[in-house]
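Visitor: Sequence:
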Amino acid sequence: MIDLLLRLRTFILLFVLLAISSFVMANANRSLMRGIRAQTLKIVGAVEYQISWAAEIPRSLRENQQLRDSNLRLTNELNRLRIAGRENEDLREALGWKRSNEFETVPARIIAREPYGVTNFFTLDVGRAQGVDMDMAVISHMGILGRIVQVSQNYSEVMPYLHSQFNVPVMIDTLGAVGIVSGQTSTPDSLILSNIVKTQNVRTGQRVVTHDASEVFPPNIPVGTITAYRAQQGSNFWEIRIQPAAPLHTSHFAFVVLHHSGQLQPENTAE
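Heads up, the sequence shown is in the working numbering, so the first residue is 149 and it goes up one at a time.
Take the hints with a grain of salt, since some may be wrong.
Stated by the list, open to error - Taking CB as the label site, the calculated pair distances span:
| id | residue 1 | residue 2 | range |
| --- | --- | --- | --- |
| 1 | F251 | Q380 | 34 to 40 Å |
| 2 | Q301 | Q380 | 42 to 48 Å |
| 3 | S338 | R207 | 54 to 60 Å |
| 4 | D283 | I259 | 19 to 25 Å |
| 5 | Q313 | T373 | 22 to 28 Å |
| 6 | R276 | R210 | 53 to 59 Å |
Hints listed in this document are in silico derivations from the structure and should not be mistaken for laboratory results. Everything numeric in this text was worked out from a predicted model, so none of it was measured. Even for Gly, the Cβ is constructed at its ideal location relative to N, Cα and C.
Can you make the complete structure from the sequences, with help from the hints?
Guide: Here is the structure:
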């Protein structure tokens, strides 16, 4: 008997549902059924109103993700425009400097750099094809950058002023005192000026430029500004630190100064 009921349970359930449906249809227009439907609709509406916020969660999450993506794209575009603006400003200043200088140069773009790494070199997009050779000076419109240490046909590698083996004869502009600037410092963007005797009236803010004793750099090219100094114990010289005039990490353009046998060649020489 039980097995028979289990086999017929689907038909029994269908019969019960048909009976309920027939009853509801037969009494659809009666006041009792209308009241039941009204109360049911009221309850369902209240429940839907209370949980309607849950249906908005997926849409809100999608909108938030779209807003984040749009914000990221706009931020990246703004950063790109800011970088392009700085590069354009640097280029305008560099071109203005190029027109006013009196020696022959080759313009170049810095295409790779590692200013604070182990090798500490950076690369220019000019080489022998543009007249570049070993030990030529690399400068910007703001000041010195380094010197050429390797050259290929269309590229060259530069030792920057921060390198531990870099040095150049310089002069404190207002004093005429001659010393040597080197990159032997553990502080980024800081140079050491040595061989300045204590009798010189050294002060912070004084400008340091290249001296004509250099066989690489032309004279009077900005090197930096004195930021700190102190007397060396047991020595007759000052210990001086300099803030470079041309920051490496923001320089995008450079000029290679062409020379021959350590002498600068002017652009227009008299025959």
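Visitor: Checking each numbered hint in turn, tell me which of them this model violates, lowest number first.
Guide: The structure conflicts with no hint, since it agrees with every one listed earlier.
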